[in-house]
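Novice: Residues per chain, in single letters:
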Amino acid sequence: MEIPQIIRFMGENGYSREIHHLHSQFTGINLAETALTWHLGRASYDCMRTTSGLLNELTRMYLNKWDIINVMSIIRGKKHGLPYNSIEEMLIPAGEIGLAQLNLLLMKTSVEQVMDALSHWRYYPFLQDYLNRDSSGKKLSDLENELYKKFYEILIHDLKKGIIGANEFLGYLRYEIDTTNIKNLFRIRSSGVNTDISGYMISGGFIPPEEFSKIAGIEDKDEFITEFKNTRLIDDLLPVLQGALNNPALIGDDAALKVWEQWQKKEYPVQVVLIAAIKIRLKKLSQMATMSPFSVLPIISYLEEKKYEVYNLRAIVRGKEYGIASEKIFKYLVMPSNGYRG
Amino acid sequence: MKAYTQVQATRAEKLALKRKIALSERAHKILKLKVGALTIELVRTVREAKAARRELQKLYETVEARTALAYMLEGTFGVRIAAESVETEPNIRSETHSVMGLFIPKLFPENVKKPLLQRGYGLLATTALIDDLATLFEDLVINIVTCAEKECVTRLIAAEIEKTRRRVNALEYNIIPNLLDTLAYVEERRDEIEREEFSRLFLLKKKRRTTEEEMAQ
Chain X
66 MEIPQIIRFM GENGYSREIH HLHSQFTGIN LAETALTWHL GRASYDCMRT TSGLLNELTR
126 MYLNKWDIIN VMSIIRGKKH GLPYNSIEEM LIPAGEIGLA QLNLLLMKTS VEQVMDALSH
186 WRYYPFLQDY LNRDSSGKKL SDLENELYKK FYEILIHDLK KGIIGANEFL GYLRYEIDTT
246 NIKNLFRIRS SGVNTDISGY MISGGFIPPE EFSKIAGIED KDEFITEFKN TRLIDDLLPV
306 LQGALNNPAL IGDDAALKVW EQWQKKEYPV QVVLIAAIKI RLKKLSQMAT MSPFSVLPII
366 SYLEEKKYEV YNLRAIVRGK EYGIASEKIF KYLVMPSNGY RG
Chain Z
956 MKAYTQVQAT RAEKLALKRK IALSERAHKI LKLKVGALTI ELVRTVREAK AARRELQKLY
1016 ETVEARTALA YMLEGTFGVR IAAESVETEP NIRSETHSVM GLFIPKLFPE NVKKPLLQRG
1076 YGLLATTALI DDLATLFEDL VINIVTCAEK ECVTRLIAAE IEKTRRRVNA LEYNIIPNLL
1136 DTLAYVEERR DEIEREEFSR LFLLKKKRRT TEEEMAQ
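Heads up: the sequence lines are chains X and Z, in that order.
Those letters in the first sequence? Residues 66 to 407, per this note's numbering, in order.
Those letters in the second sequence? Residues 956 to 1172, per this note's numbering, in order.
Isolated chain Z (complex conformation) (with noise of 0.2 Å):
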């Protein structure tokens, strides 16, 4: 232990380091809740990530077996017609809120599902495979920021989760056993001033009735 080689053994350094240990031990004990309580919410994100990602997945086969069938009777031209007509950009907005003290995002697709009327494509130059086309890619859109969204909050929670442990750590294993230890060392060495002061008045004492004595003879 290398800390309290360097502080005084004051009363004044006692009372700081019992307000410093009763100080860590608080924050170990609330920094525990929080790993606790992180962890649950880091359960939950990942269950509902994982049901995110499933359906994401089933959707994206699904996009991609009816992409094939519009490339097949659509061919090129009639697909990229159709994709080049968007004239509403889609957007993202993103707000965060706090979880335990951590800021995580929530994403909120815009303009992504649009009206059959809405979408720019000519309704009587395409077919019904281009709606249905459509469709299903606005909502894997919107199932791709649902996913992100998730994800990023699954990753953000274990991130936090990983450092508030490592704070636990510190504190458990390093800064309150090093607390402990400065306290007993400045106990200690009071302990041995008080002892030497008691010795050195005891000797002063004794000689001063030695030379008290030899005065009187």
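Pulled out of the complex, with its shape left as it was, chain X reads as follows (with noise of 0.2 Å):
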């Protein structure tokens, strides 16, 4: 198919009313990629609106990632004097803080204007500490990532109060931080930077963040497959190889001793590897939302797997644009494995 058969394809499945109300605006592939993005807003609005009480709450907890993307691309884009389109392209409203607020922020003149119109918002006292900082420690990096460790610790924190069905969901939650500290530990190996990792790694996972640090530092080939197969990285990353190299019966030494390959050569994972680390998460979390019905996690394997949808649909438009060949983009694309629906 070509651009503007998809865009039909589009309105025809599910995206009729966001390519109706943006097809006067936009044409060909920012028609397609404003679409997909209203869509994957849409969608967490009416998990939002549909649902009450505690999965609203955590449902909203868990939006919260979209609204840093969100609120750090405002700064920035405040920071830099970008004007209003340029920022407004870069947003994707599908947090708890609305299209409507959004725009709102969007008119403030400066980043002080923008934290300041935030203090309703849970996490307002990290924007502020940052602002009470001095110019030397004043990087915008640096307080993404904490918000981003902020999220997690917050969110953590709510579900230990004995919040009923809260155990998958933290399981789920875990289980993601390890592998979003698995992906930035290869990340900051391959960058060659020899620094203290601790700092980029998120808590409140399965493996703690001294494990990762004590593995950034590993050098020698016995200790690392010990330290491999010692910690819950194997659990991990085994069943990820597996997917990826298309091999079922890879045992825990031969994964390692990849990964320990990949290790030695300062390597970041290639994407097919990373593709195979998203579908065994979604097929995880679809299969813990099916043994939870009643908990938040249907919702959040829900949001996650429309996602990726978007991003599927995405990757196929800009894949066309780019003139990519179709065998070259149904690689990239995380489509559904063994139980996993997509």
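Everything labelled a hint here was simulated from the structure, so no lab data went into it.
Small disclaimer: the values here were computed from a predicted structure and weren't measured.
Errors might be hidden in some of the hints.
[What the hints assert, rightly or not] Selected chain Z positions facing chain X (in silico; Cβ < 7 Å):
id, residue
1, V962
2, A964
3, A967
4, A971
5, A1006
6, Y1026
7, T1031
8, F1032
9, R1035
10, I1036
11, A1038
12, P1045
13, I1047
14, Y1076
15, L1079
[As the list claims (entries may be wrong)] Covered, in the sense of this in silico footprint (three residues per stretch, anywhere, with C-beta under 8 Å from a C-beta of chain X), are these stretches of chain Z:
id, stretch
16, 1069–1075
17, 1145–1155
Where is the CB? At the ideal position from N, CA and C, for every residue including glycine.
Two chains, each in its own frame: build the complex with the hints.
Specialist: Below is the structure:
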């Protein structure tokens, strides 16, 4: 299919509201991408609208991830003096902060005004803390990392308060934290930066940040393999490697050796491995949601699957725009496999 | 030849002309050597500029492919957020050095290549694809600066060769022949004046002798 055909297909399959609403303002690839973004926002909004009580509260808290992305985009845009439209293009209104409120933030003229307008936000104290720092410590990347860490910290803290059905969600969150930490461990390693990585690791996962700091400094093969097998890393990475290499018979020792090879070469896992990791995570989430149908997990599972549906469509239209072969685009799609519906 | 008709056919002028010719011939020789040296430098720079351009082209194609992949997997917002996060602006410092009297620039890119943790975007909100793209773009900027420097130097040297060659040609085909012609004219005129003087003296002497003989008779 070509881009107009894909847009037509989208318009006929669940994206009609966005396509019809936006077709007078955008055309081609921009129409497709904006419609996808808006659709993701609508899916989140619908989830918040249709749930109540605790489910609603937990859904809102999970969707705060998008709020952090949007707030950081607005703050960065204001800091660099970008025009309204340029910042607007970077927003995905899929969080607790709705489109109307994001537009109000966009009207502000300075970073301070944006931060002040967020005084009711859950993460406002951290923004205030940033504003109070002296100029040498004012790095937006640090603020962003801090907000992400606080996002998980607050979520886990609230879940541990004895909320019914929180354990299942907590289990998923801890797994999500581990996968994010593993990815960042390899990222920092492949970038060649010799630094204490504990500040860049999110706490709250099954594997404590200290374990990652310990692994980060290992250069010896035997030590690495022993450490790798002793931690939960093997449990997380083995299914990913089995999926990526299409080899279900791969055992722990072989997996550890393969990971060591990449570790030694300071290489970041190829995209196929990362996509396999996403598939495993979604499959796991889907299984957990099936096992706990009355928890917030079915909603989280739906939202995550919706996110990757949108990402897949975006990959297809962008791939078509750049003239990438269909087979190659297909390789980068997070497609359903063994129980994960997609 | 127009210049020498206005000169005075004096000894001083002749000496001045001889000095001018010697100077012009020396300048011609030096400038010819300069053209030769600059041509060697030009050949070397052109080779370097071609290699830099080839490398830039290759890198640009890689960057284009990776940008397409980043837009595919991260979307416009993912790529733009990372792009707008840069907090330290890249800068280019320039210095000049002399090659055969020609001042050529040397460019030094600063704050272009940054370690992962100083790029300005948060580590927890981005992916390795963005790191990869950022590294490639940093390399691309460095290559563009290198390529610009090499091409600028090539153009400057080529322009200098052209200018110097024009000077060499002017000396060889215009100034030195003119001066030689002027010198020849001066020498000719001086010989003529000498001959005129000789015949004048000869006639005077002859006339005086005739007068003296008539007086004696």
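Novice: Answer holds if the nearest beta-carbon of chain X is closer than 7 Å to that of Z:Y1026; otherwise answer violated.
Specialist: 5 Å, holds
Novice: Using the nearest Cβ pair, does Z:L1079 come within less than 7 Å of chain X?
Specialist: Where the cut-off is 7 Å and the nearest Cβ of chain X is about 4 Å from Z:L1079, the hint holds.
Novice: Return the status of the interface hint for Z:A971: holds when the least beta-carbon distance to chain X is below 7 Å, violated otherwise.
Specialist: 68 Å, violated
Novice: If you take the shortest Cβ to Cβ gap from Z:T1031 to chain X, is it below 7 Å?
Specialist: Check passed: Cβ of Z:T1031 comes within 6 Å of chain X, closer than 7 Å.
Novice: Between the stretch 1069–1075 of chain Z and chain X, see if three or more residues pass the 8 Å beta-carbon test, and mark the coverage as holds or violated.
Specialist: Per the Cβ count (5), the hint holds.
Novice: Minimum Cβ distance from Z:A967 to chain X below 7 Å?
Specialist: 73 Å, violated
Novice: Mind checking the CB of Z:Y1076 against every CB in chain X and telling me if the closest is under 7 Å?
Specialist: Hint on Z:Y1076: holds, closest Cβ of chain X at ~6 Å, below 7 Å.
Novice: Is the shortest C-beta separation between Z:V962 and chain X less than 7 Å?
Specialist: Hint violated; Z:V962 Cβ to chain X Cβ min 70 Å, cut 7 Å.
Novice: Given a cut of 7 Å on the nearest C-beta pair, is the interface hint for Z:A964 held or broken against chain X?
Specialist: 77 Å, violated
Novice: Would the hint on Z:A1006 stand, with a C-beta cut-off of 7 Å toward chain X?
Specialist: Since the shortest Cβ distance to chain X is 26 Å, the answer is violated.
Novice: Given a cut of 7 Å on the nearest C-beta pair, is the interface hint for Z:F1032 held or broken against chain X?
Specialist: 5 Å, holds
Novice: Go through the hint on Z:I1047 and say holds or violated, using the shortest Cβ distance to chain X against 7 Å.
Specialist: 20 Å, violated
Hint compliance for this structure: hints 1, 2, 3, 4, 5, 11, 12, 13, 17 are broken, all remaining hints hold.
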